[in-house]
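Enquirer: Residue-level listing of the chains:
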Amino acid sequence: MNSFSQHAKPPLLEVRNLSLNFHNQKQVAVDQVSFAIKAGRTLGLVGASGAGKSSLARSIMGLTEPGTGEILFKGKNISLMDSQQLKTTRQGLQFVFQEPSASLSPRRTVEQTLLEPLKHFAIGDKDYRQQKILKTLQTVGLNQNVLQRYPHQFSSGQQQRIAIARALITNPELVIADEAVSSLDTSIQAQILQLIQNLQKQHGITFLFISHDLAVIRQIADDVAVMYRGQLLEQSPVDTFFGNPAHPYSKILLSFANYEVPSHTVGNNWSLDRGRLSTDSAHTCVFAALCPEKMPVCERLEPASHTIQNKNHPPLQQHCVKCHLYDEAKSNET
Amino acid sequence: MSKVALRVENLSVWFGKGPQRKQVVDRISFSINAGEATGLVGESGCGKTMTGMAILGLLSTTGANVRSDGIELNGKDISGLNAAQRRAFLGRDIAMIFQQPGTAFDPVFTLGQQISAVYRRHFDGNKKQVRRTMLESLESVGFNQAESITAAYPHQLSGGMRQLAMIAMATVCKPAVIIADEPTTALDGSTRALILQQLERLRHQNKTAILIISHDLSVVKQSCSDVMVMYCGRLLEKTDCESLFSHARHPYSAGLLSCIPQISPIRPPAINSIPGQVPAADKLPPGCHFAPRCARTESQCRQSVPEFDSAHQAGVACFRPL
Chain X
43 MNSFSQHAKP
53 PLLEVRNLSL
63 NFHNQKQVAV
73 DQVSFAIKAG
83 RTLGLVGASG
93 AGKSSLARSI
103 MGLTEPGTGE
113 ILFKGKNISL
123 MDSQQLKTTR
133 QGLQFVFQEP
143 SASLSPRRTV
153 EQTLLEPLKH
163 FAIGDKDYRQ
173 QKILKTLQTV
183 GLNQNVLQRY
193 PHQFSSGQQQ
203 RIAIARALIT
213 NPELVIADEA
223 VSSLDTSIQA
233 QILQLIQNLQ
243 KQHGITFLFI
253 SHDLAVIRQI
263 ADDVAVMYRG
273 QLLEQSPVDT
283 FFGNPAHPYS
293 KILLSFANYE
303 VPSHTVGNNW
313 SLDRGRLSTD
323 SAHTCVFAAL
333 CPEKMPVCER
343 LEPASHTIQN
353 KNHPPLQQHC
363 VKCHLYDEAK
373 SNET
Chain B
742 MSKVALRVEN
752 LSVWFGKGPQ
762 RKQVVDRISF
772 SINAGEATGL
782 VGESGCGKTM
792 TGMAILGLLS
802 TTGANVRSDG
812 IELNGKDISG
822 LNAAQRRAFL
832 GRDIAMIFQQ
842 PGTAFDPVFT
852 LGQQISAVYR
862 RHFDGNKKQV
872 RRTMLESLES
882 VGFNQAESIT
892 AAYPHQLSGG
902 MRQLAMIAMA
912 TVCKPAVIIA
922 DEPTTALDGS
932 TRALILQQLE
942 RLRHQNKTAI
952 LIISHDLSVV
962 KQSCSDVMVM
972 YCGRLLEKTD
982 CESLFSHARH
992 PYSAGLLSCI
1002 PQISPIRPPA
1012 INSIPGQVPA
1022 ADKLPPGCHF
1032 APRCARTESQ
1042 CRQSVPEFDS
1052 AHQAGVACFR
1062 PL
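As given, the protein sequences belong to chains X and B, one line each in that order. So for the first sequence, the working numbering puts the first residue at 43; every next one is plus one. So for the second sequence, the working numbering puts the first residue at 742; every next one is plus one.
It should be emphasised that the hints constitute simulated quantities derived from the structure, not laboratory data. Ideal Cβ placement from N, Cα and C applies to all residues, glycine included.
Taking beta-carbon pairs under 10 Å as the criterion, some of the chain B residues facing chain X (in silico):
no.	residue
1	S785
2	G900
3	L928
4	Q938
5	L958
6	S959
7	Q963
8	Q1003
9	P1006
10	P1016
Produce the entire structure from the sequences given, and follow the hints as far as they go.
Expert: Here it is in C-alpha cells:
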C-alpha cells in the first residue's frame, strides 16, 4: 500500500484551499480545505452530519456550483480545462451515492444503465461494450442474467453493486463513495465492504470514502481526514488516527463511536451544527465553542495547520492538525 | 427475581392466505423484567418492527393477521382488547419510540402540544401542572432549553433532537414498558451515544422495561442485558449479551457478529460476510430458514424446523449449534 516509489509523481487528486458558500454566500459549507490523495490509497473523510463532507465531494465532481480554490486531478487544474479535457478527466473520476434505489434510473434496465457511460465517453465498439459489461458485473459479484432487469427487482445490496458497476465501467482511477454502505444492512454492508477492499487490492482503485461510521473507515481507509463545520481539522494515517488522535474533536468523535459520552460534552448540542455563516467571526477556531481544551488564543485567532513529527511514521504520510495546542509558541504565551 | 413487565407468548403475524401467505412473525415468545433491556436484532424485513407493532396492537388497520397465546403487560393480558380498550393504556403503561421521528410527529402541532396531549389523555391536571410535567420530561432527556423546544414544530429540529423529543413524549407518563424501534439508526455518533445514555437512565430511574429493536448489534451490546436474534420471522437465538458476543451458538448469530467492522488502534483483520441473501417472505425455504446460507447445514435442517427447548429460557433454535 505504501507508495515510496511514487514520490515524484503528483498525487492523483489534490485540493487546494477549496471554499464553497451557499445561500447567496451567507452559509459557509466548505472552508479553505486542502488535501491530497495518492494513487492507490483510500482517504476516509469523516465528520458529523452537516459538516460539509458531501458538499466537498460534490464540488470535486462538479455537481455543485464551483467554489474558489483549486482542484487538481493528476496535477491538472480541473477548473482551467476546456470541455473536451474535462470530459476525458471525468472518465477517470466516478461517484457512488448513498441511496442506491434513488441513484439508479427506475426506467432503465441494468444493461441500459451500464451502457450509458460507455456511450457517453465513446468507449469501445459494440463487442467491447458487451464484454466490458459482463466483466464488470462479474467484478461486482452479479450474474449476467440480471442484464434485462430493472432496479426495483433487486435488493438494496444488489442495487448498490449495480451502482458500483456503473462507476467502475469507465475504468476510473478515482472513485468517490459518499456514504456508500450507510443505508445497508449489517451482512450486506460487510459484503459491499469486501467488494471495495477487493477493488482496492486487485484493481488498485483509489477511493475518497465518505462515512460518518468510524468502524467502516477503520476497515477500509489508509488515511483519515476529519471535517467539522466546513474545515478539515486533522489529517493522518489511519493507524495514527485510531491509535493516537491529536485534535480534541477527533478524540471526542472516537469516544462517541465507542459509545462513551464524555462528561464535558453532555448538554452541548452536537448535531445542530449546519456549517457556519459568513458573518461569523473568522478570527476564531471553528471548534472553540465546544472544545474541552480551549485556550484564550482559540477565540482570538484561527489556528494554522501544524504538521506533527513522529519517528514511527514513514515521512510521506503526514499528520496535520489545525489546533493551537500544537503551536508551541502560542500555547506558551497563554 | 424481579417482576415480569412484558410477556409475549407464541406471537405470529402474517399477511394473505393460501399460497400467497407471507409469514412475517412466526410463533415468538419472550419476556422482559422491569428495569431490564432486551435487544431484538435482525436484518431489514425479518419482522422486528412487526413484532413491536403487534405487541401494541397497532396492526389492526393494516390487513395483518395477528395471533398469540397472550401478551401480558404487568400480568394483564392485552392481546384480545379492542381499539378503545387499548387506548386506555397506550402511552401510559406501554409506549413506542418510532423509527422515523420525522414522520411520527404531527407536523402541524408544536412539540409542546403533542407531548402534553399524551399526558392529558391519561391524567388530570390544570394547565400549569401539565406544562410542568411536559417540561420536566423534556429536561430529563437532556434539553437545556426545554422552553424553546416546546414552541418548536418538528421540522425545526434536527433528526437527533427530534428523536430525543420522541423519547420525552414516550416517557411523559413514565410507562412500565418502552419499545424502541431503531432508536439510533440514521443518527451520527454523538447523538447515538446520547440517546442510548437516556434509555439507560430510564431503565435505572423508572425501572422501565425496554425492548430495543435494532439491526445494529453494537447498539444492542452497548445498551441491553439480553438479546434475541431474529431471522425471517423466527427467533434463532436468545441469550444474554455477554454470551452472544463471547460465544454465539447459532451460525447466523456468529455470522452477523463477524460482519461488524471494529474500531481498534491496530488494523483489524479483514471483514467477513454471510454469503447469499435473505429470502423473500413468500418464498421461505422449508425447515430452518437459514439453511440455504449456512455452512453447517445437513439434511435435517432442510426438512424440519428447529425449536427452542423452552420458550422463555436462553437457548438456540438450531440442530447443529456452534
